[in-house]
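Colleague: These protein sequence lines are chains L and P, in that order.
For what it's worth, this note's numbering labels the leading residue of the first sequence as 845, then goes sequentially.
For what it's worth, this note's numbering labels the leading residue of the second sequence as 845, then goes sequentially.
Check the hints yourself; a few may be wrong.
Non-contacting residues of chain P with respect to chain L, defined by C-beta distances greater than 12 Å in every case (computed) [what the hints assert, rightly or not]:
{"hint": "1", "residue": "H909"}
{"hint": "2", "residue": "T998"}
{"hint": "3", "residue": "E1010"}
Using 25 Å as the maximum straight-line C-alpha spacing, the simulated BS3-like pairs for lysine-lysine come out as follows [what the hints assert, rightly or not]:
{"hint": "4", "chain 1": "P", "residue 1": "K992", "chain 2": "P", "residue 2": "K898"}
{"hint": "5", "chain 1": "P", "residue 1": "K971", "chain 2": "L", "residue 2": "K971"}
{"hint": "6", "chain 1": "L", "residue 1": "K986", "chain 2": "L", "residue 2": "K898"}
{"hint": "7", "chain 1": "L", "residue 1": "K986", "chain 2": "P", "residue 2": "K971"}
{"hint": "8", "chain 1": "P", "residue 1": "K898", "chain 2": "P", "residue 2": "K986"}
{"hint": "9", "chain 1": "L", "residue 1": "K992", "chain 2": "P", "residue 2": "K971"}
{"hint": "10", "chain 1": "L", "residue 1": "K971", "chain 2": "L", "residue 2": "K992"}
{"hint": "11", "chain 1": "L", "residue 1": "K898", "chain 2": "P", "residue 2": "K898"}
{"hint": "12", "chain 1": "L", "residue 1": "K898", "chain 2": "L", "residue 2": "K992"}
{"hint": "13", "chain 1": "P", "residue 1": "K986", "chain 2": "P", "residue 2": "K971"}
The set of hints was computed from the structure by calculation and includes no laboratory data.
Glycine residues also receive a C-beta, built at the ideal position from the N, C-alpha and C atoms.
Number of protein chains: 2
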Amino acid sequence: MQSILTGSQAELSLWTEDSIVSKAHTPAIQDLYPDDFAHCFGCGRHNAVGHQLKSFVDGEEVVAHFLPAPHHISVPGFVYGGLLASLVDCHGMATAAAAAELAAGRQIGDGPAPRYVTASLHVEYLKPTILGGELEIRARVKERSERKAIVAVTVSAAGSVTVRGEVVAVRMPSSMGSPAAVSM
Amino acid sequence: MQSILTGSQAELSLWTEDSIVSKAHTPAIQDLYPDDFAHCFGCGRHNAVGHQLKSFVDGEEVVAHFLPAPHHISVPGFVYGGLLASLVDCHGMATAAAAAELAAGRQIGDGPAPRYVTASLHVEYLKPTILGGELEIRARVKERSERKAIVAVTVSAAGSVTVRGEVVAVRMPSSMGSPAAVSM
């Protein structure tokens, strides 16, 4: 079994078949974010009106499933590109966090997941994404260092890849770590 | 006064000082989309639960303002990157539509705005975008042809640019023009 860490890096050997547990047995990566990092509109468990995306390690990749709401459209019958960009974004950050955990020799769920934020986001809309079924979002790390990761993401509808994305994830800067309260 | 059409193109001369009307006197570009193209979650006037972004021609640029909701956060106190990507996306499409109208010799508001969809979206998060005030989104066309446009976009908070984006807008393919009903 291959690792999601596809770059040439010393940490590769840390993610072995022994260390990978199927998604049925591991928590969602976002559910391991610290409480003060769990308000994200895209994936935070504490954001009651957000998308609450959940991403799981699945073999050599990280996978999530998401069912867009009827109002998440660009034109009637097709999923809104801004939502698709959001899924690429949050899933990419979760993938970076999972890779960092595994590279550090920890299992997913051993402790809080590390905080990554998005430095850049690129999304190619290969074809329209039809509304009506669950989307599958898959990602793998292309490159990573201690500070950042480059993650490749796809979104598929009905088994066909409709979106390709790439995100650059960086460790959250201390300037974003304020304990400001938020009301929702 | 310069045009938002900054590329070398024959249509440049069509957007002259005489043809530009201040945003106070022109409708929002999205309000000129045909009814069957006005359900977008980001900017459709018929999407009651969407963001309903409104973009206006403003001199050589196209401008929009948007006040994120308290739940539109990445971490408490900062605006969610997926929302920022959505603003870049919809504002970029509106800018492409406005440029096409003006290049065709029509004034904004003379008729329905042309339908553009996103082929690709790139967003650089230069620094965290603080939640709490109205964001300003500005765009101009870098290149355009009859079929597509490349649009550069910025998002500013409190007068400081926090996001730079670029979108490739293409004329909506006929495959997305189905009259499928949608319930919201």
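Colleague: Could you grab the alpha-carbon distance between K986/L and K898/L and see if it respects the 25 Å cut-off?
Modeller: holds, 21 Å
Colleague: Need the status of pair K898/P, K986/P: alpha-carbon distance at most 25 Å?
Modeller: OK: K898/P and K986/P at ~21 Å, within 25 Å.
Colleague: Would H909/P pass as off the interface with chain L, using Cβ distances and a cut of 12 Å?
Modeller: holds, 17 Å
Colleague: Taking the minimum C-beta separation from E1010/P to chain L, is that value above 12 Å?
Modeller: violated, 10 Å
Colleague: Holds or violated: is the Cβ of T998/P farther than 12 Å from all Cβ atoms of chain L?
Modeller: The claim stands: T998/P keeps its Cβ more than 12 Å from every Cβ of chain L (closest is about 15 Å).
Colleague: Given the hinted pair K971/P and K971/L, is their alpha-carbon gap at most 25 Å?
Modeller: violated, 31 Å
Colleague: CA of K986/L to CA of K971/P, is that 25 Å or under?
Modeller: holds, 24 Å
Colleague: Between K898/L and K898/P, does the CA-CA distance stay at or below 25 Å?
Modeller: violated, 32 Å
Colleague: Has the given pair, K992/P with K898/P, been kept, meaning a C-alpha gap of at most 25 Å?
Modeller: Within the cut-off at roughly 21 Å; holds.
Colleague: Can you confirm whether the C-alpha distance between K971/L and K992/L stays at or below 25 Å?
Modeller: violated, 30 Å
Colleague: Does the alpha-carbon distance linking K898/L and K992/L stay inside the 25 Å limit?
Modeller: holds, 21 Å
Colleague: Are the Cα positions of K986/P and K971/P separated by 25 Å at most?
Modeller: holds, 24 Å
Going down the numbered hints, you'll see the structure goes against 3, 5, 10 and 11, while the others check out.
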